[in-house]
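Asks: Top to bottom, those sequences are chains A and B. For what it's worth, the working numbering labels the leading residue of the first sequence as 1, then goes sequentially. For what it's worth, the working numbering labels the leading residue of the second sequence as 1, then goes sequentially.
Calculated from the structure, these hints are not laboratory results. These figures come from a predicted structure and were not determined experimentally. Even glycine gets a Cβ: it sits at the ideal position worked out from N, Cα and C. Be a bit skeptical, because a hint or two may be false.
[To be verified] Label pairs and their in silico Cβ distance ranges:
id, chain 1, residue 1, chain 2, residue 2, range
1, B, E85, A, N147, 46 to 54 Å
2, B, E143, A, A48, 41 to 49 Å
3, A, N147, B, H135, 34 to 42 Å
4, B, V81, A, P146, 49 to 57 Å
5, B, S125, A, S8, 15 to 23 Å
6, B, E140, A, K121, 44 to 52 Å
7, B, G69, A, T49, 28 to 36 Å
8, A, E39, B, G97, 20 to 28 Å
9, B, R164, A, E52, 29 to 37 Å
10, B, G69, A, T172, 32 to 40 Å
11, A, F84, B, E153, 25 to 33 Å
12, A, R9, B, S125, 35 to 43 Å
13, A, K121, B, D156, 28 to 36 Å
14, A, Q127, B, T134, 13 to 21 Å
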Amino acid sequence: MSFINYSSREINCKIVYYGPGLCGKTTNLQYIYKRTNPEHKGKLISLATETERTLFFDFLPLALGDIKGFKIRFHLYTVPGQVFYAASRKLILKGVDGLVFVADSQIERMEANMESLDDLKINLAEQGYDLEKLSFTIQYNKRDLPNVVPLEDINKLLNHRNIQWFEGVAVTGTGVFETLKNVAKQVLFELKKHY
Amino acid sequence: MIGSDLVMYEEEFRRIDEELKKLHQQANSKVVFLVDKNGQLIASAGDTYNIDTTSLASLTAGNIAATGGIARLLGEKEFTVLFHEGEKDNIHISLIGQRIILVVIFDSRSSLGLVRLRVKKASESLTKIFDEMTHKADKEKKEGKLEEFPFAEISDEDIDNLFR
Numbered sequence: 001m002s003f004i005n006y007s008s009r010e011i012n013c014k015i016v017y018y019g020p021g022l023c024g025k026t027t028n029l030q031y032i033y034k035r036t037n038p039e040h041k042g043k044l045i046s047l048a049t050e051t052e053r054t055l056f057f058d059f060l061p062l063a064l065g066d067i068k069g070f071k072i073r074f075h076l077y078t079v080p081g082q083v084f085y086a087a088s089r090k091l092i093l094k095g096v097d098g099l100v101f102v103a104d105s106q107i108e109r110m111e112a113n114m115e116s117l118d119d120l121k122i123n124l125a126e127q128g129y130d131l132e133k134l135s136f137t138i139q140y141n142k143r144d145l146p147n148v149v150p151l152e153d154i155n156k157l158l159n160h161r162n163i164q165w166f167e168g169v170a171v172t173g174t175g176v177f178e179t180l181k182n183v184a185k186q187v188l189f190e191l192k193k194h195y
Numbered sequence: 001m002i003g004s005d006l007v008m009y010e011e012e013f014r015r016i017d018e019e020l021k022k023l024h025q026q027a028n029s030k031v032v033f034l035v036d037k038n039g040q041l042i043a044s045a046g047d048t049y050n051i052d053t054t055s056l057a058s059l060t061a062g063n064i065a066a067t068g069g070i071a072r073l074l075g076e077k078e079f080t081v082l083f084h085e086g087e088k089d090n091i092h093i094s095l096i097g098q099r100i101i102l103v104v105i106f107d108s109r110s111s112l113g114l115v116r117l118r119v120k121k122a123s124e125s126l127t128k129i130f131d132e133m134t135h136k137a138d139k140e141k142k143e144g145k146l147e148e149f150p151f152a153e154i155s156d157e158d159i160d161n162l163f164r
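Let the hints inform the model, and build the full structure from the sequences given.
Replies: Listed below in structure tokens is the structure:
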């Protein structure tokens with residue numbers, strides 16, 4: 001649900017990074033934060049435990065520029081990936097405009113990926129959304145590790161809608177901006193369709 | 001409300017802004033601001049210069065969301081008022097018309113009683129404005145009269161430029 005402010009000529013959209021625990025959602029946001037000019041970003045807020053696991057959410061406001069005289073603001077959120085934070089995870093999805101599913105490419109995390117994707121569908125449905133109709137991008141993260149599942153197989157497993165996906169190595173930034181740009185594009189075109 | 005975007009025009013902004021300024025003054029508060037439930041700042045009044053309002057807006061919405069989750073676990077529909085007391089500053093958060101969050105930050109120059117009273121009054125006016133706003137946007141959207149929507153001619157290139 002975007003917020004269109006004609007008074008200040010701003011459009012605000014919410015993008016949520018979803019995925020299993022330790023898949024690299026926060027790392028995506030940290031990289032975006034690190035590589036964005038100070039005048040285009042706000043503070044990166046992380047509500048995390050002492051061991052730096054996301055407890056509630058990370059939040060990064062971005063104002064990348066103008067389109068047709070309107071300032072475009074993206075609010076990026078991550079959810080806590082750990083299974084037992086289910087209740088909090090649900091809350092972050094409220095009012096979402098675009099979703100990024102960050103998958104962990106390691107063989108031993110495939111089950112966690114599938115579980116998280118199912119969890120996402122259920123949580124969206126509870127709020128009246130349908131993943132099939134939302135702006136949605138997948139990032140296969142951690143492609144630099146030795147024990148990763150081949151792209152073709154992971155895609156078969158997780159990408160039933162056959163949407164565009166990206167390879168990622170979030171720690172070094174590979175695929176991070178490509179993923180964001182893709183979901184941002186979908187969100188903005190969706191807005192165009194609505195009006 | 002799902003699926004409907006919040007659209008605010010100049011006229012509504014002015015009315016909201018007036019209402020907030022009035023509340024800011026009458027409640028003797030430091031800062032007053034309005035946030036939508038998704039964490040987007042709508043308007044503010046008072047001395048916001050030293051405050052990171054974007055972060056504050058998102059955290060307030062997170063706070064309301066978490067409290068709403070607790071409410072439902074307990075069989076309540078929602079807790080409509082939250083109050084946090086600090087050493088110097090206090091924060092009063094209330095939910096307006098299920099959709100908008102009104103935040104008042106105040107110190108010892110005011111009191112919780114006064115803030116509650118003024119917030120109650122302001123809530124009524126704000127609810128009315130937001131109802132009208134939603135109604136107007138829905139109507140205009142249906143009639144296809146929405147004010148020169150800036151994205152009618154958005155192109156791939158426009159978006160690529162954002163990421164340059």
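Asks: When the hints from earlier in the document are held up against this structure, which numbers fail?
Replies: The structure conflicts with hints 3, 6, 7, 8, 11 and 12, although it agrees with all the remaining ones.
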